[in-house]
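Turn these sequences into a full structure, and let the hints guide you.
In this text, residue positions in the sequence shown follow my numbering: the first is 189, and each later residue adds one.
Wrong hints could be hidden among the right ones.
Unchecked claim - With a cut-off of at most 30 Å between alpha-carbon atoms, the simulated BS3-like pairs for lysine-lysine come out as follows:
1) 206 to 240
2) 550 to 566
3) 550 to 508
As the list claims (entries may be wrong) - Pairwise CB distance ranges (calculated):
4) 483 to 578: 33 to 39 Å
5) 550 to 452: 49 to 55 Å
6) 322 to 238: 22 to 28 Å
7) 399 to 242: 52 to 58 Å
8) 396 to 550: 27 to 33 Å
9) 396 to 509: 49 to 55 Å
10) 581 to 427: 19 to 25 Å
11) 529 to 414: 50 to 56 Å
12) 402 to 506: 39 to 45 Å
Quick caveat, the hints were computed from the structure, so don't treat them as lab data. Cβ atoms here follow ideal geometry from the backbone N, Cα and C, with glycine treated the same way.
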Amino acid sequence: MWCVRLEVEVNPVEWLMKNLSIEDPAEALHTGSLIAAQGYIFPISDHVLTLKDDGTFYRFQAPYFWPSNCWEPENTDYAIYLCKRTMQNKTRLELADYEAENLARLQRAFARKWEFIFMQAEAQVKIDRKKDKTERKILDSQERAFWDVHRPVPGCVNTTEMDIRKCRRMKNPQRVKKSVYGVAEDTQTQSPVHTHPQPSRKDTKEDVEKEILFLNTQLDRHCMKMSKVAETLMSYTEQYLEYDPFVCPPEPSNPWISDDCTFWELEASKDPSQQRVRKWGFSLDEALKDPVGRDQFLKFLESEFSSENLRFWLAVQDLKRRPLQDVPARAQEIWQEFLAEGAPSSINLDSHSYERTSQNLKDPGRYSFEDAQDHIYKLMKSDSYTRFLRSSVYQDLLLARKKVRQNLSFISPRIRIHLFMLKIVHPCCIWGQHSVTHFVFLLNI
189 MWCVRLEVEV NPVEWLMKNL SIEDPAEALH TGSLIAAQGY IFPISDHVLT
239 LKDDGTFYRF QAPYFWPSNC WEPENTDYAI YLCKRTMQNK TRLELADYEA
289 ENLARLQRAF ARKWEFIFMQ AEAQVKIDRK KDKTERKILD SQERAFWDVH
339 RPVPGCVNTT EMDIRKCRRM KNPQRVKKSV YGVAEDTQTQ SPVHTHPQPS
389 RKDTKEDVEK EILFLNTQLD RHCMKMSKVA ETLMSYTEQY LEYDPFVCPP
439 EPSNPWISDD CTFWELEASK DPSQQRVRKW GFSLDEALKD PVGRDQFLKF
489 LESEFSSENL RFWLAVQDLK RRPLQDVPAR AQEIWQEFLA EGAPSSINLD
539 SHSYERTSQN LKDPGRYSFE DAQDHIYKLM KSDSYTRFLR SSVYQDLLLA
589 RKKVRQNLSF ISPRIRIHLF MLKIVHPCCI WGQHSVTHFV FLLNI
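This is the structure we're talking about:
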């Protein structure tokens, strides 16, 4: 039943209710989500395998890629697939951030056999180009869904993982590694869970010496006390408590389920909320994650004529998201702007990071500036970021948002909704406090 492709516009929930004799739409949606999580059906334009009743288009997976075929894909297969994606230079085949990181990690792990992996990917691309355009698009989406099951998006449940306790109870595991593209992986990288048991032998003197060395190494490892771990976790939880809508109600509240339209007013003003500004002070990561926080940090550095570190960090982040064909040229531009002799925006690097970066640029890639970027990040974290938090720019933003909240507090929620609706009808109107008082009188509230 599942081998049929969705070639016509069909609501997947209605299709499940009809073909599986399910009466409750919620039950059909839940059943469909479980089927999607296993990879039997998948969304055409999303990496997250779940069923949504919102008009999203879905396809049924080809029987060749079904999980029931007991796939155990190798890391070399995944590397070939990611290489194929980078070679085709199409928008729909661009790597997501986590896929680009996985590709870089695999390239380091398989450095000795990377040329062979690259040749395999080129051969697969040549074969795919001979296929019909529609067939190629369908095959690309099916292959993407297959890897979304076996190498899921970070944060999603991996449905192919086995319970380690069950694996230990199995005396003779029957699961055998199966390659997608026919490329065998090195025996050193195979998991001991899936290897066949070796005949037992007596420990030799060398084995005992290795075990002693291993135990001594474990004794020298730094171990944190559980009380310290719990204290750190509690501190982190308390810090982010107000940002968790499951624990604390969001601030401002959702205007569609309450009579408070402050959220709309904040969005219309395009100014960050006090809660949002306060979050920039948690860490440099939080400030750089927020586009407004990043812009304010850059403006502060420009006012002190020291923005080159942040501009370099942003340029390297942009390089990691560039198409593969644009990477070498962009890498050279970054080098000439920030690191070359007489560069217009020269940055300070230690000799080790500079040497590593110059060596990496002999074969430029997305991660050629990784060492330099880490060094610059540490410099910003210890110097310019702390100055930004103490600066008048950041402190004025905090005080400004407090004043906005106080000025809005005298208006009741019902009046603010009327004001917002009138603002939509007459966007050129500017409401002062006298106008608001007059409007309240007219409403007879």
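Find the hints from earlier in the document that the structure breaks and name them by number, from lowest to highest. Result: hints 4, 8 break, sorted rising.
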